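Peer 1: Build the full structure now, drawing on both the sequences and the hints.
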Amino acid sequence: MKQRKELNVNGKIYEVFVEPWRTLLEVLREELHLTGAKMGCDDGNCGACTVVIDGKAIKGCLMLVPQAKGKKILTIEGLGSGENLHPLQQAFIDHFAVQCGFCTPGMIMSAKALLDEKPDATEEEIRSGLQGNICRCTGYVKIVEAVEAARDKLAQKSNPL
Amino acid sequence: MRFDFYEPTTIGECIEMLTHFGQEASLLAGGTDLLVKLRLRHIRPQAVISLGVIDELKKLERKSDGSLEIGAMKTLQEVESSNLLANEFDLVRQGAGCVSSIQVRNVATLGGNSCNASPSADTVPALIALGAEVQIVGPHGERHLVLEDFFTGPGETVLQKGEILTEFKLPAPSSHSGGTYKKYAIRGEVDISIVGVATRLTLDRNHKLQEVRIVLGGVAPTPNRVRRAEDMLVGQDPREELFEEAAQLAAEESRPISDQRATAQYRREMVKVWTRYTLQETFQKARQNHHGKG
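Residue numbers (my numbering), protein chains in the order written: chain A, 1 to 161; chain B, 1 to 294.
The hints are simulated quantities; they were obtained by calculation from the structure and are not laboratory data.
Bear in mind the structure is a predicted one, so any value in this text is a computation, not a measurement.
Be aware that a few hints might be false.
Claimed, not checked - With a cut-off of at most 25 Å between alpha-carbon atoms, the simulated DSS-like pairs for lysine-lysine come out as follows:
{"hint": "1", "chain 1": "B", "residue 1": "K59", "chain 2": "A", "residue 2": "K56"}
{"hint": "2", "chain 1": "B", "residue 1": "K58", "chain 2": "A", "residue 2": "K56"}
{"hint": "3", "chain 1": "A", "residue 1": "K71", "chain 2": "B", "residue 2": "K58"}
{"hint": "4", "chain 1": "B", "residue 1": "K169", "chain 2": "B", "residue 2": "K182"}
{"hint": "5", "chain 1": "A", "residue 1": "K12", "chain 2": "A", "residue 2": "K56"}
{"hint": "6", "chain 1": "A", "residue 1": "K56", "chain 2": "A", "residue 2": "K72"}
{"hint": "7", "chain 1": "B", "residue 1": "K59", "chain 2": "A", "residue 2": "K69"}
{"hint": "8", "chain 1": "B", "residue 1": "K285", "chain 2": "B", "residue 2": "K272"}
{"hint": "9", "chain 1": "A", "residue 1": "K71", "chain 2": "A", "residue 2": "K153"}
{"hint": "10", "chain 1": "B", "residue 1": "K37", "chain 2": "A", "residue 2": "K69"}
{"hint": "11", "chain 1": "B", "residue 1": "K37", "chain 2": "A", "residue 2": "K2"}
{"hint": "12", "chain 1": "A", "residue 1": "K72", "chain 2": "B", "residue 2": "K182"}
{"hint": "13", "chain 1": "B", "residue 1": "K37", "chain 2": "A", "residue 2": "K56"}
{"hint": "14", "chain 1": "A", "residue 1": "K72", "chain 2": "B", "residue 2": "K59"}
{"hint": "15", "chain 1": "A", "residue 1": "K69", "chain 2": "A", "residue 2": "K142"}
{"hint": "16", "chain 1": "B", "residue 1": "K272", "chain 2": "B", "residue 2": "K208"}
{"hint": "17", "chain 1": "B", "residue 1": "K285", "chain 2": "A", "residue 2": "K69"}
{"hint": "18", "chain 1": "A", "residue 1": "K72", "chain 2": "A", "residue 2": "K142"}
{"hint": "19", "chain 1": "B", "residue 1": "K59", "chain 2": "A", "residue 2": "K71"}
{"hint": "20", "chain 1": "A", "residue 1": "K118", "chain 2": "A", "residue 2": "K71"}
Peer 2: So, in structure tokens, the structure goes:
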């Protein structure tokens, strides 16, 4: 049976009318038309659906929509504003950390949660923080470089000399 | 996948709902295992009852006697990063840190990892090695049992109609002890364990082995202790050859199956290797703690 739910996504309150068995990922994509989070495996393995909830990276395909009630959801659409890219987004472009692009939103959201929690994350911590995100094109080297570059950029911003 | 969704706010309310729906209900903790089963139509419950807003299930407390209580709904990430669980209880952190990816650990719970009853659940051998007890609450009150008696088979536990696992109790550990959990999997944490071994050693004043726990995951229908090896080691002077012998016993006691991840023969061999490694590592930790605390 459909129920009215309020979802706080990217700072905006959306009202949706959905069945409780819909996943957060389905509702983001199909009801709110936020198609940045991708549906890959749909069983929690690939990480393409990663979004950030209350500051923590989660897999959107493994969460029922009622579980997201009252929480702050951040998707890739809430990160930059089209013209102004987030340093992570810019770094992925600059370092050519994108090939087919399907894993990119998930990678960036995992990296975002990681750097928010550990702004000085080491390469090893970055690799371990991205373990739940699978990329089948790049071999991860460029992705890790991009996250390191974004980390350095963000550090400069918060400590201008 | 069609069901009604319920969100009780107290344990009592939850038990009433569970008793009412019986077999037709599934409990939702973090959901990282449940959603996959729902999606694959392995289960088709009429009601999904979420434990998400029951605050009583989220405690983490060190008691005055040194023991520790962890609510079933603590997430694996909270467990892994908790300072209360550092040092003597570090084994639990090691186990929790081995489960899947950070996105899953941010949602999956310690109680869920036990109740899902996968033979290869990574937190279970660690908890058993620490002597964890579970508190079960149901329509007829509460009962307690040691975690190793909680499992009855793959995906099966002693939980009766209307009952839920509410918390884990870890007894106060001796300071002269150490513990190690090692997971063996092809693709690291994100993969399901081929073998998981937790060992815990406590040294007495004369540096002899006072207490020994060796717990295997992934190589039998339920995680279990290798009592033959534990008994053989107790009272002995820790030495390399003894660890070797204990590892051999652990391999003999294991009852692995062959599946897509590994053959039974390979698993048994890995039990031997991993038991030896973890015993060596655990002994080093126990010895350091012994010296550290005079």
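Peer 1: Could you run down the list of hints and mark each one as holding or not?
Peer 2: Consistency of the hints with the structure:
1. Distance hint between K59(B) and K56(A) is fulfilled; the C-alpha atoms sit about 20 Å from each other, no more than 25 Å.
2. Restraint check for K58(B) and K56(A): the C-alpha separation of about 18 Å stays at or below 25 Å, so the hint holds.
3. Under the criterion of a C-alpha separation no larger than 25 Å, the hint pairing K71(A) with K58(B) is consistent with the structure, at around 17 Å.
4. Of the supplied pair hints, the one linking K169(B) and K182(B) holds, its CA atoms being roughly 22 Å apart against a limit of 25 Å.
5. As the CA atoms of K12(A) and K56(A) are separated by approximately 18 Å, the hinted pair is consistent with the 25 Å bound.
6. Annotation: proposed proximity of K56(A) to K72(A) holds, straight-line Cα distance about 10 Å (limit 25 Å).
7. A C-alpha spacing of about 21 Å is found between K59(B) and K69(A), which places the hinted pair at or below 25 Å, so the restraint holds.
8. At most 25 Å may separate the alpha-carbon atoms for a hinted pair to count; K285(B) and K272(B) meet this at roughly 20 Å.
9. Of the pairs offered as hints, the one joining K71(A) and K153(A) is violated, with about 29 Å between alpha carbons and a cut-off of 25 Å exceeded.
10. With a C-alpha separation of about 22 Å, the suggested pair K37(B) and K69(A) falls inside the 25 Å cut-off, and the hint holds.
11. For the hint pairing K37(B) with K2(A), the CA-to-CA distance comes to about 22 Å; that is within 25 Å, so the pair holds.
12. A C-alpha spacing of about 35 Å is found between K72(A) and K182(B), which places the hinted pair above 25 Å, so the restraint is violated.
13. Of the supplied pair hints, the one linking K37(B) and K56(A) holds, its CA atoms being roughly 24 Å apart against a limit of 25 Å.
14. In summary, the hint linking K72(A) to K59(B) is supported, as the alpha carbons are separated by about 23 Å, within the 25 Å threshold.
15. Taking the CA atoms of K69(A) and K142(A), the gap is near 36 Å; set against the 25 Å cutoff, the hint is violated.
16. About 23 Å separates the Cα atoms of K272(B) and K208(B), which keeps this hinted pair within 25 Å; it holds.
17. Pair hint K285(B) plus K69(A) does not hold up; C-alpha atoms about 44 Å apart against a cutoff of 25 Å.
18. Restraint check for K72(A) and K142(A): the C-alpha separation of about 30 Å exceeds 25 Å, so the hint is violated.
19. Restraint check for K59(B) and K71(A): satisfied, since their Cα atoms lie roughly 20 Å apart, inside the 25 Å limit.
20. Straight-line distance between C-alpha atoms of K118(A) and K71(A) comes to about 22 Å, which keeps the hinted pair within the 25 Å bound.
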